[in-house]
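**Q** Residue strings, one per chain:
Protein chains: 2
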Amino acid sequence: MPYVPSPLIPSATADHNFSTANLPYGVFSTSSNPTPRIGVALGDYVLDLTSCVDLLTQSVEGLTAEDVTSKDLNCLMGRESKVWKGLRRKVFELVTGESGLTMDNFVSLDSVTMHLPAKIGDYTDFYSSREHATNVGTMFRGIDNALQPNWLHLPVGYHGRASSVYLDGCDVVRPQGQLQKNKDDPKEGSVFGPSKLLDFELEMAFFVGGPANPPGTPITMAEAEDRIFGLVVMNDWSSRDVQKWEYVPLGPFCAKNWATSISPWVVSLEALEPFRAPTSAGSQKDPEPLEYIRDPTYSSYDIALEVTIQGENMSKPEVVSKSNFKNLYWNVKQQLVHHSVTGCNMSPGDLLGSGTISGTPQDSFGSMLELCWKGTREVPLGTSGEVRKFLKDGDTVSMSGVCKKEGVGCVGFGAVTNKIYPAGTKLKAGGANGVWKAA
Amino acid sequence: MPYVPSPLIPSATADHNFSTANLPYGVFSTSSNPTPRIGVALGDYVLDLTSCVDLLTQSVEGLTAEDVTSKDLNCLMGRESKVWKGLRRKVFELVTGESGLTMDNFVSLDSVTMHLPAKIGDYTDFYSSREHATNVGTMFRGIDNALQPNWLHLPVGYHGRASSVYLDGCDVVRPQGQLQKNKDDPKEGSVFGPSKLLDFELEMAFFVGGPANPPGTPITMAEAEDRIFGLVVMNDWSSRDVQKWEYVPLGPFCAKNWATSISPWVVSLEALEPFRAPTSAGSQKDPEPLEYIRDPTYSSYDIALEVTIQGENMSKPEVVSKSNFKNLYWNVKQQLVHHSVTGCNMSPGDLLGSGTISGTPQDSFGSMLELCWKGTREVPLGTSGEVRKFLKDGDTVSMSGVCKKEGVGCVGFGAVTNKIYPAGTKLKAGGANGVWKAA
Ligand SMILES: [Ca+2]
Ligand SMILES: [Ca+2]
Ligand SMILES: [Mg+2]
Ligand SMILES: [Mg+2]
Ligand code: NI
Numbered sequence: 347m348p349y350v351p352s353p354l355i356p357s358a359t360a361d362h363n364f365s366t367a368n369l370p371y372g373v374f375s376t377s378s379n380p381t382p383r384i385g386v387a388l389g390d391y392v393l394d395l396t397s398c399v400d401l402l403t404q405s406v407e408g409l410t411a412e413d414v415t416s417k418d419l420n421c422l423m424g425r426e427s428k429v430w431k432g433l434r435r436k437v438f439e440l441v442t443g444e445s446g447l448t449m450d451n452f453v454s455l456d457s458v459t460m461h462l463p464a465k466i467g468d469y470t471d472f473y474s475s476r477e478h479a480t481n482v483g484t485m486f487r488g489i490d491n492a493l494q495p496n497w498l499h500l501p502v503g504y505h506g507r508a509s510s511v512y513l514d515g516c517d518v519v520r521p522q523g524q525l526q527k528n529k530d531d532p533k534e535g536s537v538f539g540p541s542k543l544l545d546f547e548l549e550m551a552f553f554v555g556g557p558a559n560p561p562g563t564p565i566t567m568a569e570a571e572d573r574i575f576g577l578v579v580m581n582d583w584s585s586r587d588v589q590k591w592e593y594v595p596l597g598p599f600c601a602k603n604w605a606t607s608i609s610p611w612v613v614s615l616e617a618l619e620p621f622r623a624p625t626s627a628g629s630q631k632d633p634e635p636l637e638y639i640r641d642p643t644y645s646s647y648d649i650a651l652e653v654t655i656q657g658e659n660m661s662k663p664e665v666v667s668k669s670n671f672k673n674l675y676w677n678v679k680q681q682l683v684h685h686s687v688t689g690c691n692m693s694p695g696d697l698l699g700s701g702t703i704s705g706t707p708q709d710s711f712g713s714m715l716e717l718c719w720k721g722t723r724e725v726p727l728g729t730s731g732e733v734r735k736f737l738k739d740g741d742t743v744s745m746s747g748v749c750k751k752e753g754v755g756c757v758g759f760g761a762v763t764n765k766i767y768p769a770g771t772k773l774k775a776g777g778a779n780g781v782w783k784a785a
Numbered sequence: 347m348p349y350v351p352s353p354l355i356p357s358a359t360a361d362h363n364f365s366t367a368n369l370p371y372g373v374f375s376t377s378s379n380p381t382p383r384i385g386v387a388l389g390d391y392v393l394d395l396t397s398c399v400d401l402l403t404q405s406v407e408g409l410t411a412e413d414v415t416s417k418d419l420n421c422l423m424g425r426e427s428k429v430w431k432g433l434r435r436k437v438f439e440l441v442t443g444e445s446g447l448t449m450d451n452f453v454s455l456d457s458v459t460m461h462l463p464a465k466i467g468d469y470t471d472f473y474s475s476r477e478h479a480t481n482v483g484t485m486f487r488g489i490d491n492a493l494q495p496n497w498l499h500l501p502v503g504y505h506g507r508a509s510s511v512y513l514d515g516c517d518v519v520r521p522q523g524q525l526q527k528n529k530d531d532p533k534e535g536s537v538f539g540p541s542k543l544l545d546f547e548l549e550m551a552f553f554v555g556g557p558a559n560p561p562g563t564p565i566t567m568a569e570a571e572d573r574i575f576g577l578v579v580m581n582d583w584s585s586r587d588v589q590k591w592e593y594v595p596l597g598p599f600c601a602k603n604w605a606t607s608i609s610p611w612v613v614s615l616e617a618l619e620p621f622r623a624p625t626s627a628g629s630q631k632d633p634e635p636l637e638y639i640r641d642p643t644y645s646s647y648d649i650a651l652e653v654t655i656q657g658e659n660m661s662k663p664e665v666v667s668k669s670n671f672k673n674l675y676w677n678v679k680q681q682l683v684h685h686s687v688t689g690c691n692m693s694p695g696d697l698l699g700s701g702t703i704s705g706t707p708q709d710s711f712g713s714m715l716e717l718c719w720k721g722t723r724e725v726p727l728g729t730s731g732e733v734r735k736f737l738k739d740g741d742t743v744s745m746s747g748v749c750k751k752e753g754v755g756c757v758g759f760g761a762v763t764n765k766i767y768p769a770g771t772k773l774k775a776g777g778a779n780g781v782w783k784a785a
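Chains as they are written, first to last, in my numbering: chain A, 347 to 785; chain P, 347 to 785.
These are computed hints drawn from the structure, not numbers from a lab. Among the hints, a few may not be true.
27 Å max Cα-Cα, derived BS3-like pairs, lysine-lysine [as the list claims (entries may be wrong)]:
hint	chain 1	residue 1	chain 2	residue 2
1	P	Lys631	A	Lys529
2	A	Lys750	A	Lys431
3	P	Lys590	A	Lys533
4	P	Lys590	A	Lys590
5	P	Lys465	A	Lys417
6	A	Lys417	P	Lys417
7	P	Lys735	P	Lys751
8	P	Lys590	P	Lys533
9	P	Lys772	A	Lys774
10	P	Lys750	A	Lys772
11	P	Lys417	A	Lys465
12	A	Lys783	A	Lys542
13	P	Lys772	A	Lys428
14	A	Lys428	A	Lys465
Pulled out of the complex, with its shape left as it was, chain A reads as follows (with noise of 0.2 Å):
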């Protein structure tokens, strides 16, 4: 469905990031109405889709009142592909045609504060950037041994924490923990304090959705798409020196459990589709990957994404970081089919990670452990005249994405955007959507 005016909203013009090709699903309230639901963005409003149950379950093959009146989106996750994709292709229909809707169905997007678009049942991560997998080895390993054995065979990944992904807007405290005394030599054990060496990770996320697989009935290639609900932009908040100390043998434990925040609107497979594109990689032919997570449509989407910093004292935010969506290696479909290969059930509303996504130029690394080359430089602040290595208490580090190309409409995902305190901060739950802030 490619971009067509909205009669009744102007405002989402083809180059809005929340134009009639994009349709995204988000949990929202007013304070008029503090009850959490769902909403679809349009230029600067969100259709409120318990204004129109009837309408849409009437017309909407399989869609019941509760995947439209739920307080998140799990229920919807849960249906079968068909259901929220008939869901957006009706949603389509009503807002850029004569359909009965009014703005009384809408609220203004200025009004609404966003909630977390489903409780996230599990939480996987994974590594799949071929550039930010390089830079890692060559820094740790040296540029022959860059990347592992496994790395070009399978999509690496680990499980993460669920119950902290957090969303845009909330407050993050830089963490303490155990840090290794002597830099180069383990064996001198370790010493309790502030992490020095925060970081970001430039990480898009995508929602599962569709019915549960059983225990040991893998999900297949052909499968895939259709459980993949959408995809959201995540920062994959990381402490450099908790995870250099405790990662051998497990991998990365309390380094990456504290935070992980998320974008707030879920951006559809079916919008992104007009975006589909060549992965950097542009092919895997060596090796070639065996047949149960061999894609025979291997491509990936042309997301643009970005990261600013803006630190305490600067008058704006500066960005750090040019990347896309298409330098990844393994691809949404790949990770999730490896993911369950050996029998795991995938449930609707769990929450796998890309892994940090960087690109070939320097400018395009997605996190400060590559554009600082592990302490090596500093990293420049636009004009503000401040540098970085690692992030700052202080810093509010934002991360957006968007796909654009000519004829096609504008699909934007927004912004994550948090700010770090200081360690030992206290938080407090506030607000209508209980989002952690600094008192």
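We have chain A; now place chain P with the ligands onto it with these hints.
**A** Same frame as chain A, now just chain P with the ligands:
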């Protein structure tokens, strides 16, 4: 509360798993009432807490009807520890005195179907038995480098998959996945096939209780006991060949995410208190743990653990391992505190596994990997004439735990028992509890 006979339930003798010294919580249903509800096991009966809600809420401070009438333990777990402890004391008083309870408040243990005790938000597994870590390290790196440099400084752990934590009785399907082609040279890549090195891991796990700590505010050692609701026996099913190929550098993923199984009754720390015992290490002096994780009452619990295997052609289960919960270097409090040190929010219903519990003698090793010493020796299955290295299709693996001590009533966990089916077997969710079974 030491053992006292129950006038109403004479089967709850001092040496019964469910003596009055135990009083574990579980979730059950019956054919006449298929609604899952909370019960306390006592002798050959289960006290149905929904049958005496008023009695309980009137006399236990802070206890609400919802805590007692929910379909899982999450609500009760989320209360301050004084509420769950108060409830257990009240139940003790009721079942050991002249209380107004009658047999109408009980159902026969024979007649109940058990359910998962809680919705598990996040599942984490540690690696806290020094004997186990030393065995594994010796096999793969030699005795001189058996423990990694960080191991004695922090409880090494990793996040696991919550969706695939199943209950006692579920069937498990041999996983398929990527296996290293040449075991001595990872550079030759991988092949697809059924895991040949299928293993159990003898573990225990605890459920987190109490209100969640806010993000950024770690749990202290002083607070830890009030955040531990109770323990179960756990089998962390593992595929050693999948693990070997995939786990560098981010840890175990598909090797372990396909199944973890737990026993149904949750035993409280108060019930375990009379069995408090020194750990197999005795003390933590070399090195002394950092202050945040130092335990002034450093100890564990004397829980005898046993693993049996019954092959399809065997007439009875045969013991392959006898271990003890004392064989943990890092105890449950230290695990919980370390998990939260960087600010991770720990939620009621989270499940934290101990790691494989191995002792020093060969017959106390907690996995086939150790028992067969990486495939170099055959493990006899009792007098059956059968031997194993790793697990075979058709094997039933059972793990149980029990505390016994002169003058104190028995505190038993019961068992977690599961049968292995061949790769590709389709499972169906069946019975009142939706446990997955081969057709
Ligand atoms: Ca994270
Ligand atoms: Ca497992
Ligand atoms: Mg990451
Ligand atoms: Mg384990
Ligand atoms: Ni989880």
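**Q** Please go over all the hints and tell whether each is borne out by the structure.
**A** Checked hints:
For a cut-off of 27 Å, the pair hint linking P/Lys631 to A/Lys529 stands: about 23 Å separates their Cα positions. With a CA separation close to 22 Å, the supplied pair A/Lys750 and A/Lys431 stays within the 27 Å bound. Simply put, P/Lys590 and A/Lys533 have alpha-carbon atoms about 25 Å apart, close enough for the 27 Å limit, and the pair holds. The hinted pair formed by P/Lys590 and A/Lys590 meets the criterion: a straight-line CA distance of about 21 Å does not exceed 27 Å.
Between the alpha carbons of P/Lys465 and A/Lys417 the distance comes to roughly 19 Å, so the proposed pair stays at or under 27 Å and holds. At roughly 20 Å between alpha-carbon atoms, A/Lys417 and P/Lys417 fall within 27 Å of each other, so this suggested pair holds. Restraint check: the Cα-Cα separation between P/Lys735 and P/Lys751 comes to about 34 Å, which exceeds 27 Å; the hinted pair is violated. With a CA separation close to 13 Å, the supplied pair P/Lys590 and P/Lys533 stays within the 27 Å bound.
Distance restraint check for P/Lys772 and A/Lys774: the Cα-Cα separation of roughly 47 Å exceeds the 27 Å cut-off, and the hinted pair is therefore not satisfied. At most 27 Å may separate the alpha-carbon atoms for a hinted pair to count; P/Lys750 and A/Lys772 exceed this at roughly 44 Å. A C-alpha spacing of about 19 Å is found between P/Lys417 and A/Lys465, which places the hinted pair at or below 27 Å, so the restraint holds. Simply put, A/Lys783 and A/Lys542 have alpha-carbon atoms about 22 Å apart, close enough for the 27 Å limit, and the pair holds.
The hinted pair formed by P/Lys772 and A/Lys428 meets the criterion: a straight-line CA distance of about 25 Å does not exceed 27 Å. Of the pairs offered as hints, the one joining A/Lys428 and A/Lys465 holds, with about 22 Å between alpha carbons and a cut-off of 27 Å not exceeded.
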